[in-house]
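Trainee: Let's have the full structure, built from the sequences with the hints guiding it.
Protein chains: 2
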Amino acid sequence: MRNFDYCNPTRIIFGKGETDRVGKECQKLGKKVLFIYGGGSIKQNGLYDRIMKHLQEEKLVVYELGGVKPNPRIDKVREGVAICKKEKIDLVLAVGGGSVLDTGKIVAAGAIYPGDPWDFFIDEHKIPGKIPLVTVLTLAATGSEMNHNAVITNEETLEKLGTHNPHLYPTLSILDPENTYTVPRDQTVNGIVDMMAHVFEQYFHPFPETPLQDRWAEGLMKTIIEYTPRVLQNPTDYDGRAVIMWCGTMALNHLLEEAGGGGEWTCHPIEHVLSAVYDIPHGAGLAIIFPQWMKYVLDVIPHKFTQFAERVWEIPRANKSDQELGLAGIERTREWFREIGAPTTLREAGIGEEKLTEMARMAVKSGNLGVTKVLDEKDVEEILRMSL
Amino acid sequence: MRNFDYCNPTRIIFGKGETDRVGKECQKLGKKVLFIYGGGSIKQNGLYDRIMKHLQEEKLVVYELGGVKPNPRIDKVREGVAICKKEKIDLVLAVGGGSVLDTGKIVAAGAIYPGDPWDFFIDEHKIPGKIPLVTVLTLAATGSEMNHNAVITNEETLEKLGTHNPHLYPTLSILDPENTYTVPRDQTVNGIVDMMAHVFEQYFHPFPETPLQDRWAEGLMKTIIEYTPRVLQNPTDYDGRAVIMWCGTMALNHLLEEAGGGGEWTCHPIEHVLSAVYDIPHGAGLAIIFPQWMKYVLDVIPHKFTQFAERVWEIPRANKSDQELGLAGIERTREWFREIGAPTTLREAGIGEEKLTEMARMAVKSGNLGVTKVLDEKDVEEILRMSL
Numbered sequence: 395m396r397n398f399d400y401c402n403p404t405r406i407i408f409g410k411g412e413t414d415r416v417g418k419e420c421q422k423l424g425k426k427v428l429f430i431y432g433g434g435s436i437k438q439n440g441l442y443d444r445i446m447k448h449l450q451e452e453k454l455v456v457y458e459l460g461g462v463k464p465n466p467r468i469d470k471v472r473e474g475v476a477i478c479k480k481e482k483i484d485l486v487l488a489v490g491g492g493s494v495l496d497t498g499k500i501v502a503a504g505a506i507y508p509g510d511p512w513d514f515f516i517d518e519h520k521i522p523g524k525i526p527l528v529t530v531l532t533l534a535a536t537g538s539e540m541n542h543n544a545v546i547t548n549e550e551t552l553e554k555l556g557t558h559n560p561h562l563y564p565t566l567s568i569l570d571p572e573n574t575y576t577v578p579r580d581q582t583v584n585g586i587v588d589m590m591a592h593v594f595e596q597y598f599h600p601f602p603e604t605p606l607q608d609r610w611a612e613g614l615m616k617t618i619i620e621y622t623p624r625v626l627q628n629p630t631d632y633d634g635r636a637v638i639m640w641c642g643t644m645a646l647n648h649l650l651e652e653a654g655g656g657g658e659w660t661c662h663p664i665e666h667v668l669s670a671v672y673d674i675p676h677g678a679g680l681a682i683i684f685p686q687w688m689k690y691v692l693d694v695i696p697h698k699f700t701q702f703a704e705r706v707w708e709i710p711r712a713n714k715s716d717q718e719l720g721l722a723g724i725e726r727t728r729e730w731f732r733e734i735g736a737p738t739t740l741r742e743a744g745i746g747e748e749k750l751t752e753m754a755r756m757a758v759k760s761g762n763l764g765v766t767k768v769l770d771e772k773d774v775e776e777i778l779r780m781s782l
Numbered sequence: 395m396r397n398f399d400y401c402n403p404t405r406i407i408f409g410k411g412e413t414d415r416v417g418k419e420c421q422k423l424g425k426k427v428l429f430i431y432g433g434g435s436i437k438q439n440g441l442y443d444r445i446m447k448h449l450q451e452e453k454l455v456v457y458e459l460g461g462v463k464p465n466p467r468i469d470k471v472r473e474g475v476a477i478c479k480k481e482k483i484d485l486v487l488a489v490g491g492g493s494v495l496d497t498g499k500i501v502a503a504g505a506i507y508p509g510d511p512w513d514f515f516i517d518e519h520k521i522p523g524k525i526p527l528v529t530v531l532t533l534a535a536t537g538s539e540m541n542h543n544a545v546i547t548n549e550e551t552l553e554k555l556g557t558h559n560p561h562l563y564p565t566l567s568i569l570d571p572e573n574t575y576t577v578p579r580d581q582t583v584n585g586i587v588d589m590m591a592h593v594f595e596q597y598f599h600p601f602p603e604t605p606l607q608d609r610w611a612e613g614l615m616k617t618i619i620e621y622t623p624r625v626l627q628n629p630t631d632y633d634g635r636a637v638i639m640w641c642g643t644m645a646l647n648h649l650l651e652e653a654g655g656g657g658e659w660t661c662h663p664i665e666h667v668l669s670a671v672y673d674i675p676h677g678a679g680l681a682i683i684f685p686q687w688m689k690y691v692l693d694v695i696p697h698k699f700t701q702f703a704e705r706v707w708e709i710p711r712a713n714k715s716d717q718e719l720g721l722a723g724i725e726r727t728r729e730w731f732r733e734i735g736a737p738t739t740l741r742e743a744g745i746g747e748e749k750l751t752e753m754a755r756m757a758v759k760s761g762n763l764g765v766t767k768v769l770d771e772k773d774v775e776e777i778l779r780m781s782l
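Heads up: the sequence lines are chains A and B, in that order.
Mapped onto my numbering, the consecutive letters of the first sequence carry residue numbers 395 to 782.
Mapped onto my numbering, the consecutive letters of the second sequence carry residue numbers 395 to 782.
Hints were generated in silico from the structure; no laboratory data involved.
Note that this is a predicted model, so its numbers are computed, not measured.
Treat the hints with caution; some may be incorrect.
Repeated chains share a single entry, so a pair holds when one copy, or any two copies, can fit it.
[Said to hold, decoys possible] No farther apart than 25 Å at their CA atoms in a straight line, the calculated lysine-lysine pairs in the DSS-like style are these:
#, residue 1, residue 2
1, 425, 437
2, 772, 480
3, 479, 426
4, 422, 689
5, 422, 520
6, 520, 418
7, 616, 759
8, 410, 482
9, 447, 410
Mentor: So, in structure tokens, the structure goes:
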């Protein structure tokens, strides 16, 4: 086991009906709230009105920043920061999925930073702290509700970059599974692919002696696989939504990563280029790239792939070689992505070979990727080509 | 899944050599330290000198409270509180196992409480907060390093009582596996039984739809079972000690419990009476009682016991009934306790039937125990009698 330093101070309030605590909890943290949300689905499903009612009951002064898009933009962040500074906002309330939460994190940090918040993506040490951040999650996917990461797109430079800093842990996240009942099927699937990919990034590493982290990662994968059909068949299956929501949170709250192999994090940056250039959903990009990356590194950590095949997919070893057993697990993963309705080739997502070279160059712009097998521009291009 | 409210703010610094950071980390939290430790083993193995050197390098003013015993006493806590109040101590540094850490927690809270710290065990709401608490763990067992529990014995009343409150989470815990190299075999075993018992208390519950919590509990159990022989065969197996240490922390940091069934917590209070009356090690008492409790409640949650037998012990179902398969898992558990050198009957621990009735009465003094099957005085006496 490697040494690590771990502290996750986010408070989680989880469960049915807990959305109604948002007013009282925000009121403990300040008077002036910046309420951030996305494209308006919370106005259609009643969540906006429900939250507004609670904020008003507590006599909070509410400013609004709506219209945050998937693959959220730095321009929208800047708009939020300007409101915070002008109106002396006390706390940020972000209601939505990962895009809204990530926007909320950077706005809350930008509120006390004199420069431009894009600086945080060039150098994470510039993140100075933040004003309190409360989130109400409406999409199980990114784990943003209990982690210190944020990913923002800069449309001018066509960059989609991530940053991380302990200050970015939300103060409080309210996880009410009923708020995910109205998530459409394709977004539910993308969210599930995203959380599964988070586990992959932290599971397939070359470090020895991480038995508990391996078993917990496998527990997450098996639970996600078991409960996915339930939420796809019945979007208002409470326990199905609850289990998937909690899996999404646990899949990326740094517990597996800090105490484990530290994370591979190759497919995520490759996918970030894909969705920055083609604006496809993050989950779709991951489902396409991951199985190809797996094949590409299989021979470096064959024991990990055989363990994955046997423990997660329960594929019997029989007379298979390590290579064959590992490949069978990877194929089963791809098949599962297909079964739940995720794309598994670039062409299915409408992407041809035109920009593969350019995207590979962009993916390694800040340096080569990965730990298990260090990927340079050529490797990334090869993985993208395999993904066609 | 049940609703829950979870926040664990303890910072963990884990790994080889991390003990050397104790001076700098304490210095960030104050000037005057109360250094609490146990029976002197840290003086023999050099840890005391090493820590003192770091504290002095940072020019901290150090007061000492040594001699904390297993099943720690309220008198020792009172002594520590008196030093804190008289000397205006800024922070508590507890170096040892669960007994020392629990003493540290109650001293740190008692330091800012005007009354007697035994009050905290009558009513946990009286815990007002605490001065900062840093711990350096030397025994993998109780999970006290990352939880909000403390157990203290009152010798006058022969009570061993637990309390819990969010204020009792340590500020920082340094987990350096090398500090457990010198733990004797019997204490290593007791610690392992304790962590296994913590998982049992949180796993065998009647609540449905806790698939991730179940798999994480099973992951803990399988990892503990896999790594126990390594630390018993070679006490200085670094990764063995590291994995067992991390399992002990994860076995009781409220993550499984809050998001899971909430915990059964029957065998722990029964054992607390045993060790308050007979002063036997906590782990020994748990190894004796737990398999009998399991048999006593088997018919209430047979599905949980069959899952346990199949997933943890990999016992094939073959033609077994639920009852037979469940019993096989329980028997295997008892056998495992025997294999690693824990007692499995009261008589082995030198306890006869003289005080069974009295102990049963003491165990339910504050009310009946448990959730799966509510245990009254007669039930507890029966379980104790089965344990003879």
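Trainee: It remains to establish, for every hint, whether it holds in the given structure.
Mentor: Hint check results:
1. 425 to 437: Answer is within; shortest intra-copy Cα gap is 23 Å, inter-copy 53 Å.
2. 772 to 480: neither (47 Å within a copy, 68 Å between copies)
3. 479 to 426: within (12 Å within a copy, 40 Å between copies)
4. 422 to 689: Answer is neither; intra-copy 51 Å and inter-copy 48 Å both fail.
5. 422 to 520: For residue 422 and residue 520, the Cα distance is within 25 Å only across copies (22 Å; inside one copy 28 Å).
6. 520 to 418: between (32 Å within a copy, 24 Å between copies)
7. 616 to 759: neither (35 Å within a copy, 42 Å between copies)
8. 410 to 482: Neither way: residue 410 and residue 482 sit 33 Å apart in one copy and 46 Å across, limit 25 Å.
9. 447 to 410: For residue 447 and residue 410, the Cα distance is within 25 Å only inside one copy (18 Å; across copies 52 Å).
The structure fails hints 2, 4, 7, 8 (numbered hints given earlier, in ascending order).
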